[in-house]
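Colleague: Quick mapping for you: the protein sequence lines, in order, are chains Y and D.
In this text, residue positions in the first sequence follow the working numbering: the first is 1, and each later residue adds one.
In this text, residue positions in the second sequence follow the working numbering: the first is 1, and each later residue adds one.
Quick caveat, the hints were computed from the structure, so don't treat them as lab data.
Predicted, not measured: the structure shown is a model, and the values here were computed from it.
Even for Gly, the Cβ is constructed at its ideal location relative to N, Cα and C.
One or more of the hints may lead you astray.
As the list claims (entries may be wrong) - Examples of chain D residues lying across from chain Y (beta carbon under 8 Å, computed):
| no. | residue |
| --- | --- |
| 1 | S14 |
| 2 | A25 |
| 3 | I37 |
Said to hold, decoys possible - To give an idea of the chain Y side of the interface with chain D (calculated C-beta under 8 Å), a few residues:
| no. | residue |
| --- | --- |
| 4 | S145 |
| 5 | Y149 |
| 6 | P160 |
| 7 | E314 |
| 8 | S340 |
| 9 | L343 |
| 10 | L575 |
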Amino acid sequence: MRIEIRKVSGGYLPIIGEIEDARLCQLEGYNGIGKTLAIRVLQLCAGDQPYRDQPAAWDTLVTGLGSLDVSLAVPDGPRWRWQFDSTSWGQSDKGVAPEVKESFFHITKDDAPVTLAEVQEALEVVRIGGDDDLVDTIARHVDGSLREYREWWSSFGGGPLDQVERRADDLRSLLGAVDLDAFARHAREARHAADRHSDAARAREARARRSGALTRALALDEKLAARGRRGPALDEEIAELAGKLATLDEAHELLQTQVSRLEGLITEGAEAEKALTNARTSERRERNRLANKQREVETALREAGIASLGEGTEAKKRAQGELQDLLTRRAAIDEAPALSAVLDELAGPLTGAQRIGLGASVALVTDDTGVGGLTVSDTLEGIRRRRGQLHFDTPDELLADLDRRLAVLRKRLERLDELPSLLEQVEADRRRLATAERRLRELTETADRDVSQQLDELRQGRNELEGRIREAAARRAALVDQQNELGDDATAERWRYERDELLATHGVTRDLLSDAVAEADRDFETAGTDLHFAAKELDQSTATLSGDEMLITRIADALASDPDLSWVREAGVELPRPGQDRAAQARVLAHLTDQFGRVDGALSRLRGRLEATQGTLGAVRDKLRGQQADEGVVFDVVLDWAAREIEAWFSDPAVRRALLPEAESLEVDLGDRVVRWWEGGALRERPLEAFSSGEQVFALTRARLALLDTRQPLGPKRQRLVFLDEFGAFVAENRKADLAELLRKRRDDRPEESFVCVFPLTRDYRALAESSLPEHRTLYGDLADQLDNREYFTAAFPV
Amino acid sequence: MSDETSLSERETPSVPEVALVVSRAEGDREELLLLRIAEGESAERVLRWLLEDAN
Numbered sequence: 001m002r003i004e005i006r007k008v009s010g011g012y013l014p015i016i017g018e019i020e021d022a023r024l025c026q027l028e029g030y031n032g033i034g035k036t037l038a039i040r041v042l043q044l045c046a047g048d049q050p051y052r053d054q055p056a057a058w059d060t061l062v063t064g065l066g067s068l069d070v071s072l073a074v075p076d077g078p079r080w081r082w083q084f085d086s087t088s089w090g091q092s093d094k095g096v097a098p099e100v101k102e103s104f105f106h107i108t109k110d111d112a113p114v115t116l117a118e119v120q121e122a123l124e125v126v127r128i129g130g131d132d133d134l135v136d137t138i139a140r141h142v143d144g145s146l147r148e149y150r151e152w153w154s155s156f157g158g159g160p161l162d163q164v165e166r167r168a169d170d171l172r173s174l175l176g177a178v179d180l181d182a183f184a185r186h187a188r189e190a191r192h193a194a195d196r197h198s199d200a201a202r203a204r205e206a207r208a209r210r211s212g213a214l215t216r217a218l219a220l221d222e223k224l225a226a227r228g229r230r231g232p233a234l235d236e237e238i239a240e241l242a243g244k245l246a247t248l249d250e251a252h253e254l255l256q257t258q259v260s261r262l263e264g265l266i267t268e269g270a271e272a273e274k275a276l277t278n279a280r281t282s283e284r285r286e287r288n289r290l291a292n293k294q295r296e297v298e299t300a301l302r303e304a305g306i307a308s309l310g311e312g313t314e315a316k317k318r319a320q321g322e323l324q325d326l327l328t329r330r331a332a333i334d335e336a337p338a339l340s341a342v343l344d345e346l347a348g349p350l351t352g353a354q355r356i357g358l359g360a361s362v363a364l365v366t367d368d369t370g371v372g373g374l375t376v377s378d379t380l381e382g383i384r385r386r387r388g389q390l391h392f393d394t395p396d397e398l399l400a401d402l403d404r405r406l407a408v409l410r411k412r413l414e415r416l417d418e419l420p421s422l423l424e425q426v427e428a429d430r431r432r433l434a435t436a437e438r439r440l441r442e443l444t445e446t447a448d449r450d451v452s453q454q455l456d457e458l459r460q461g462r463n464e465l466e467g468r469i470r471e472a473a474a475r476r477a478a479l480v481d482q483q484n485e486l487g488d489d490a491t492a493e494r495w496r497y498e499r500d501e502l503l504a505t506h507g508v509t510r511d512l513l514s515d516a517v518a519e520a521d522r523d524f525e526t527a528g529t530d531l532h533f534a535a536k537e538l539d540q541s542t543a544t545l546s547g548d549e550m551l552i553t554r555i556a557d558a559l560a561s562d563p564d565l566s567w568v569r570e571a572g573v574e575l576p577r578p579g580q581d582r583a584a585q586a587r588v589l590a591h592l593t594d595q596f597g598r599v600d601g602a603l604s605r606l607r608g609r610l611e612a613t614q615g616t617l618g619a620v621r622d623k624l625r626g627q628q629a630d631e632g633v634v635f636d637v638v639l640d641w642a643a644r645e646i647e648a649w650f651s652d653p654a655v656r657r658a659l660l661p662e663a664e665s666l667e668v669d670l671g672d673r674v675v676r677w678w679e680g681g682a683l684r685e686r687p688l689e690a691f692s693s694g695e696q697v698f699a700l701t702r703a704r705l706a707l708l709d710t711r712q713p714l715g716p717k718r719q720r721l722v723f724l725d726e727f728g729a730f731v732a733e734n735r736k737a738d739l740a741e742l743l744r745k746r747r748d749d750r751p752e753e754s755f756v757c758v759f760p761l762t763r764d765y766r767a768l769a770e771s772s773l774p775e776h777r778t779l780y781g782d783l784a785d786q787l788d789n790r791e792y793f794t795a796a797f798p799v
Numbered sequence: 001m002s003d004e005t006s007l008s009e010r011e012t013p014s015v016p017e018v019a020l021v022v023s024r025a026e027g028d029r030e031e032l033l034l035l036r037i038a039e040g041e042s043a044e045r046v047l048r049w050l051l052e053d054a055n
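In isolation and in its complexed conformation, chain Y is listed as follows:
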């Protein structure tokens, strides 16, 4: 293992620069050149804090070390490298040096960046001081245990234990949702409120009965008194009213008869009035229709060009003749161009025939005899005449005039055709008008306007009479009611009996009845108020209890089905059943709460004790160093554990031989800071501080090396570099060979473990080289050269 420490900048503290082979070597040099400082720096690089209890030394290191570049090369393994500036590490705070942090270094492994945790996993740097006595050794062991424990507790307390506690929280918070003691109290209060409400309701019912009975008795008493005062006069008035009503009924019947008759007349009159109105409307409509028709006839005569229908026949003949003439003329005009073309076409061949001498030949036969006919010349002449008659250029004005005259004639003929029918319609309209006028006349003569007025008067009289009848009937009904109220003699006797019974039942005399009724009413009112408050209290307590019951139901449901609480269901404990009586559910929940309290208690105790152990390890360490320590609940247990650990060291025969060769059995008491043992039948005792001679240092070193084996196991991926420092003053020269043998054996057994034994310079190696035998002269000369060059040397241990 090759170590290089190179100063980059700053810093005033001296430090050695190189250890060429640290597998098992001796480093010897002058005092004050930085041998121990190099060890401390390597411990820091490996993540350990050797200055934990030395704040002043730490502060000096921070300011005096400066910027360094440290490397450690493992044979056939990686090359670790740390670059840092100690001034960035920060001073101690309140007497405590800070723990090593990731930010202290830039670390690489074979030039690749790595974390401090990776270094801690792969590399361990241990310093065993020759100046440490037994107390220091034990304290360091406890301190190491504390660091390991702190790391474990951090992961355990915040990991699996925390997970268990969180899961337990599910049930704790569920069961804590309802206060079962409060539920029991609320249930009692609800029952009491229900009892008070029933009592109040019964009291009010009794008051109501008494008040009702006395009120009834008072009413009967008053009716009996009223009957005594008004009975006879009332009978007389009713009889009088009965007679009056009979008279009124007769008068009403008479009026009603008259009204009915007149209403019949009115009905008829109304119908006649309606018919008259209809007749007037009909007469007016027929008259208008006749006038319109007559205007239509006059227009037709005018358009036909005649004064009366008598001229119609002659006028029609004339018009038809004119029309035929005009139509012929119109047709001739239309056929002239075509006929001319035909005649021209015929004239051509006939002219040719005439030229060749056929003019006298017959061209057309004009009768059945075949004798008469037209010659070619005659025919040609006829064609020429006809051709001369035809007009080719008829002016447009002439054609328009012909068309207009044709239209006039056609209209006239239409009107002449319509006239007989129009005149027949006029006659029919005239007949209907005459009928309408006759009907109107008849109806006008029969109308009678006095009946309505008479009927109105009769109705008014009848209505007044009905009002009087109603008044008299209402009065009679009121009197009959009063008569019923006052009762007859038998009724009065029954009333009297009932009143006396009621008075006797309720212990009231007639003379005090009014006061008793008032008092009973007040009592009834008071009972009503009591019942109101009892009902309110019952509502409140029922609502509170209902809230509790809902919570209990929710908890029972969750315990029955919540997947997160399956462990509760699987534990075989009794659980509230859904649908079970609430009180029974509450009892089961109370039992479950007790059971869970024990679970909770076990978890709390475990956490409490493990948490306390961390502080207690520190307290035990402090106590071993003679410092004041806070003793917690597990102090004695931890102190005893530490004592058993130390006793185990003494079980190593080599340690026992060196420290207590005559001891038969041994006990370490860290409380009293002594070791006790039996020797020759006598119990002996020695303070821990007394184990500090050179022989004992060797034994302690052996014990401390043995302790290293209890740490994390070494292997291809974990190296350990052990410095045995400051041994020169304590290890006798003659025990160096024993120490070398011990270390060689460890080195051979543990390939991942390397040792550097550090000594102060004790000999003049230049003089030794000059006076030694030849086989040693080279070695000593080389060591002397190293000392000359860098004030220390490294060589295989022991030199």
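Using the hints provided, position chain D relative to the given structure of chain Y.
Modeller: This is chain D only, laid out in the frame that chain Y set:
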């Protein structure tokens, strides 16, 4: 693992000896509780065991 497994049969690679001593001082059940949790037994199984024990 049954609840009746003796403590000596259990492996405790990650639990510091002092933690075992402290919990054992409270009783075997406490030490067993620590071991069950440290060995990575599920929270539900640990709690079920505790609740069965409390029943």
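Colleague: Against each hint, give a clear statement of whether it holds in the structure.
Modeller: To see whether the hints hold, each was checked on the structure:
1. S14: holds, 7 Å
2. A25: holds, 5 Å
3. I37: holds, 5 Å
4. S145: holds, 6 Å
5. Y149: Holds - the Cβ of Y/Y149 comes within 8 Å of chain D, reaching about 5 Å at its closest.
6. P160: holds, 5 Å
7. E314: violated, 134 Å
8. S340: With Cβ-Cβ at 130 Å, over 8 Å, it is violated.
9. L343: This interface hint is violated because 133 Å lies over the 8 Å limit.
10. L575: violated, 11 Å
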